[in-house]
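Enquirer: Listed below, chain by chain, are the residues.
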Amino acid sequence: MGFFWTIVVLVVALGLAWRFLGSYMAAVFETRVHFLGFIERPIYAVLGTGPDREQTWKRYTGSLLVFSAAFILFGYLLVRIQGSLPLDPQHLGAVPPALSFNTIVSFVTNTNWQNYGGETTMSYFSQIGVLQVQQFVSAAVGIAAAVALIRGFCRKGSDTIGNFWVDITRCLLYVLLPVAFLAGIVLVSQGAVMTLAGPVTVHDALNHVTQTIPRGPAAFMGSIMQLGTNGGGFFNADLAHPFENPTGLTNLLYVFLTLSIGFSLTYTFGKMVGSVRHGAAVLGAMVIIFGAWVGFTSYAEHQPNPAVAAAGVTAQPTGNMEGKEVRFGDTSSALFNVSMTQTSDGAVDGASDSYNAMGGFGPLTGMMLGEVSPGGVGTGLYTILLFAIVAVFIGGLMIGRTPEYLGKKIQAREVKLAGFGILVMPVVVLVFTGIAVSVHAGRAGPLNGGPHGFSEILYAFTSQSNNNGSAFAGLTGNHAFYNVMGAIAMLLGRFAVMVPALGLAGALAAKKTVPASAGTFRTDNTMFVGLLIGVIIIVGALVFFPAVALGPIATALSHKFYSVVPALSHVGHVLAGRLLR
Amino acid sequence: MRSLVSNLRRSAAAIVVTTVVFGFVYSFVGLGVAQLFFRHQADGSISTYGSSLVGQNWNGYSTTKILDPQWFHGRPDADNPLVATGKPGESGAANLGPHSEVLVQDVKALVRAWHAVGVNPTSDLVTSSGSGLDPDITPADAFAQIPMVSKATGVSPSRLRQLIRQETNGPELGFLGSSTIVVLQLNEALAKLR
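Read top to bottom, the protein sequences are chains A and B.
Per the working numbering, residue 207 is the first one in the first sequence, and the count goes up by one each step.
Per the working numbering, residue 6 is the first one in the second sequence, and the count goes up by one each step.
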């Protein structure tokens, strides 16, 4: 019953956010909101730019890439010298080179994959002055790219798509900053820590135990890391840590924050292109996929953990509690995990690695669909619009007419850019996983053996290529091989999708619009929603089925406790054993 | 070339501005608000015996006793000699998979240890948590431990049941998450009885 009301409250809250945050964001990016002008104008003065200085798509992309590259370099230097910087009460010292490279790429690409343990690696300076800054900035960059693509649909015969510097400034000031700050206050009131005082040592006279408890400025990092779908927590346990996620209420707040911008941007899209129905159609596809995944993952996690059952504890009325926190319980943890893996957030409030086989299948395949339901902030919207272009192309083939989307003719160039953007992620995931299982350094990573070990590797590259950051954390990722391969996967997954999306923005903005006629393929009705979902699922399933069959499906079928299909079990073990030998 | 130079100059300026505003100003204003209005929570909800948000090991300094029968126990997390755990000083889960042989053996060892002190454990009491620091148990987990605690402390089972009910929190707003008991607070209340 509790879970039912959790869903009801979440749906109502997100519905309100969709309508009001969505239209507010449209106003922000159409420069109709000015209440922070006194901060905004000096920033433009320092940057030497302003809202009237429009950029072509090439200039826009150039600014975005140079800015991101410069931030990678700057952040790398800061974490390398953190030992000489202030705010390091634990004297943690410099972060090693390969780990620093992986980490800074991870945060600049909005991935927040963490090969380090927060409380034992990063000084307070690095946490707030490097990582938290990226949690704001990388989110703003993603949203800016999505807004640029929306402008591509809005404009007619234009060679510009907005100004990158203005878009990120307005996003940071008017959207991310106020929401993150208010949410941070709620988190602290519930028990999230916010202090610079360093670890505290407490002696418990009752049972003669002495504990040293790490603390830090975590609460306000928590709010932006979720609002910006970053997910890289202050502590190693991420949002399972009671100091970051102290109560059931904060758990739901984190889910809401993570989903709010992603879903609301579909309203922003609809409003800016002048057809809220088109935004609602995209939202419909997102919600249906999201709901299906929440349903079966929660169901799978409400089932007993087979290893615990095999040890004799067959009564597990609270579901699979291995790796989960009592204050959240099984179904709310599953809701949380699905929310974080379908948004490119990647935070965890329990151990995904210990999920039941089909429970782990949920987060893994959710990422494999390309992070579109609702996906990362901005990135989710532009990725699902790439899928929408492919969907209208297929629809156009079926009715034998040049396809149009929002009045723009979709021609060879647009379909090529969309197809390229969609296929980058699967290619990177499969090639990199293939390399990892072929070399010794890659096979040394997994903690668990057999098909589950293969799942750990597949999950790692799926997560990083999708800029998610969620992990089957048994994998030991802090080795040169995984640090470097992971960083490359994250860079490709971010920029090799973003650049085609911006190219598409440029191509679309330059086009004239064609008036709709009786023969126009409708893109704002339920049939289109179905077609869009179909394209997303078919692309994901065709590309990833063989890999998933070797991982979670083999695990589900293969274990000796509930051996459903013994022959398949044998095949799964032999194949995975070969791969990981 | 000219556009690269101007992009680099703007990037440098934007890096400085964002680092100052969204790194330090944001966090320090947040710190100010947190320390002013929610000092106890912001410092980690620390009381005399520990933090109500960080689980601890109730076996004391004894290395011989696995489950000290005079206290209620939480999840078998960090510092527990019976389970595989992560790095010392670092929060996090054991990450054992759903078919892990290590997990089967760990759970078996825990079940034996609970049986040895006369407790028929619930699943929470033999599985480790996501943070390795879970401060809570459910009322059912506490009820299961009544025979052991009652025998060791002499407090009657009905008094213990009453104590557990009194220390039960939530679910928050009636629907969020589970009903929980902070093990530390339950044991503090128990200590007052003795």
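Some hints here could point you the wrong way.
Some chain B residues judged to face chain A by a derived CB distance under 10 Å, without partners named [unchecked claim]: (1) VAL26; (2) PHE33; (3) HIS45; (4) GLY97; (5) SER133; (6) PHE148; (7) ILE151; (8) SER155; (9) VAL160; (10) SER161; (11) ARG170; (12) GLN171; (13) THR173; (14) GLU177; (15) GLY182; (16) LEU189.
Far from chain A, some chain B residues (derived; all Cβ distances over 12 Å) [unchecked claim]: (17) ARG14; (18) PRO103; (19) ALA121; (20) VAL122; (21) GLY123; (22) PRO152; (23) LYS156; (24) GLY159; (25) SER163; (26) ARG164; (27) ASN192.
Since the hints were derived computationally from the structure, they do not count as laboratory data.
This structure is a prediction, so every number in the text was calculated from the model and none was measured.
C-beta atoms are modelled at their ideal positions from N, C-alpha and C, and glycine is treated no differently.
Enquirer: Would you mind marking each hint as holding or not holding in the structure?
Expert: Here is what the structure says about each hint:
1. VAL26: holds (8 Å)
2. PHE33: With a minimum Cβ separation of about 9 Å from chain A (threshold 10 Å), the hint on PHE33 (chain B) holds.
3. HIS45: Holds - the Cβ of HIS45 (chain B) comes within 10 Å of chain A, reaching about 9 Å at its closest.
4. GLY97: holds (5 Å)
5. SER133: holds (7 Å)
6. PHE148: Interface hint status for PHE148 (chain B): violated (13 Å vs cutoff 10 Å).
7. ILE151: violated (18 Å)
8. SER155: Violated: closest Cβ of chain A sits about 18 Å from SER155 (chain B), beyond 10 Å.
9. VAL160: violated (15 Å)
10. SER161: violated (21 Å)
11. ARG170: violated (17 Å)
12. GLN171: Because about 18 Å separates GLN171 (chain B) from the closest Cβ in chain A, which is outside the 10 Å limit, the hint is violated.
13. THR173: violated (12 Å)
14. GLU177: holds (5 Å)
15. GLY182: Hint on GLY182 (chain B): holds, closest Cβ of chain A at ~3 Å, below 10 Å.
16. LEU189: holds (8 Å)
17. ARG14: It is violated; ARG14 (chain B) is separated from chain A by about 8 Å at its closest Cβ, not greater than 12 Å.
18. PRO103: violated (5 Å)
19. ALA121: The assertion about ALA121 (chain B) holds, with a minimum of 15 Å to chain A.
20. VAL122: With a cut-off of 12 Å, VAL122 (chain B) remains clear of chain A, as the shortest Cβ separation is near 16 Å.
21. GLY123: holds (17 Å)
22. PRO152: Its Cβ never comes within 12 Å of chain A, the nearest being 18 Å, so this holds.
23. LYS156: The claim stands: LYS156 (chain B) keeps its Cβ more than 12 Å from every Cβ of chain A (closest is about 18 Å).
24. GLY159: holds (17 Å)
25. SER163: Holds, since 23 Å exceeds 12 Å.
26. ARG164: Non-interface label stands for ARG164 (chain B): nearest chain A Cβ at 18 Å, farther than 12 Å.
27. ASN192: At roughly 6 Å from the nearest Cβ of chain A, ASN192 (chain B) sits no farther out than 12 Å, so the non-interface label is violated.
When the structure is compared with the earlier hints, violations turn up for hints 6, 7, 8, 9, 10, 11, 12, 13, 17, 18 and 27 and for no others.
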